[in-house]
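Visitor: Turn these sequences into a full structure, and let the hints steer you where they fit.
Residues in the first sequence are numbered from 1 upward in steps of one, following the UniProt record's numbering.
No false leads were slipped in.
Computed cross-link-like contacts, DSSO-like style, restricted to lysine-lysine with a CA-CA straight-line distance of at most 30 Å:
no., residue 1, residue 2
1, Lys82, Lys7
2, Lys153, Lys103
3, Lys7, Lys107
Pair ranges (Cβ atoms, derived):
no., residue 1, residue 2, range
4, Pro74, Thr149, 32 to 40 Å
5, Lys89, Ala121, 36 to 44 Å
6, Ala11, Tyr73, 21 to 29 Å
7, Tyr85, Asn23, 21 to 29 Å
Read the hints as simulated data drawn from the structure, not as lab findings.
Backbone N, C-alpha and C fix where the C-beta goes; we use that ideal spot for every residue, glycine too.
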Amino acid sequence: MRYWLMKSEPADCSIDDLATMPNQTVAWYGVRNYQARNFMRDQMKIGDLAFFYHSSCPRPGIAGIVCIASAAYPDDTQFDPKSRYFDPKSSQEEPRWLNVDVKLVEKTPFVDLSVLRDTEALASMRILQKANRLSITPVDAEEWRTITTRLMKPKT
DNA sequence: GCCAACGTTGGC
DNA sequence: GCCAACGTTGGC
Numbered sequence: 001m002r003y004w005l006m007k008s009e010p011a012d013c014s015i016d017d018l019a020t021m022p023n024q025t026v027a028w029y030g031v032r033n034y035q036a037r038n039f040m041r042d043q044m045k046i047g048d049l050a051f052f053y054h055s056s057c058p059r060p061g062i063a064g065i066v067c068i069a070s071a072a073y074p075d076d077t078q079f080d081p082k083s084r085y086f087d088p089k090s091s092q093e094e095p096r097w098l099n100v101d102v103k104l105v106e107k108t109p110f111v112d113l114s115v116l117r118d119t120e121a122l123a124s125m126r127i128l129q130k131a132n133r134l135s136i137t138p139v140d141a142e143e144w145r146t147i148t149t150r151l152m153k154p155k156t
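Guide: Rendered as structure tokens:
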């Protein structure tokens with residue numbers, strides 16, 4: 001099994017929004033980048049774990065943990081002319097964009113981006129590299145362990 | 001709102 | 001297949 005980091009804009013879907021969804025599950029729609037799509041299509045497996053990351057917001061950082069709850073399937077929003085994610089070049093016959101379902105595992109103590117940056121063991125994390133724009137990135141097991149065991153400890 | 005970095009598009 | 005122009009991302 002693999003680990004991931006998935007970005008969401010909290011104005012769109014925050015960790016608290018996810019918690020109120022039926023079955024605490026949501027389709028990770030709106031990915032319009034081939035590399036991120038291919039991660040979902042080729043490498044994600046049901047049961048993989050991912051950090052739920054808040055981006056493009058006043059306080060960027062990791063807000064919780066989700067698990068991958070489905071295989072990749074066509075993203076409905078690409079067919080909807082009213083959606084901001086509509087893609088006129090896609091078709092039902094040959095869908096261009098996919099999504100997976102993710103399910104909340106837990107809301108964790110918030111780990112600020114600045115804290116991630118200050119953690120030497122995470123220096124090579126994708127999310128911390130300059131101009132990282134991928135909305136889905138792999139996280140290696142060592143990085144996962146550093147974050148969950150060292151940075152998510154509730155303050156005492 | 002700025003701007004750097006990167007992906008995509010389309011003319012040639 | 002090159003590459004300039006353009007759009008988008010996302011932290012600050």
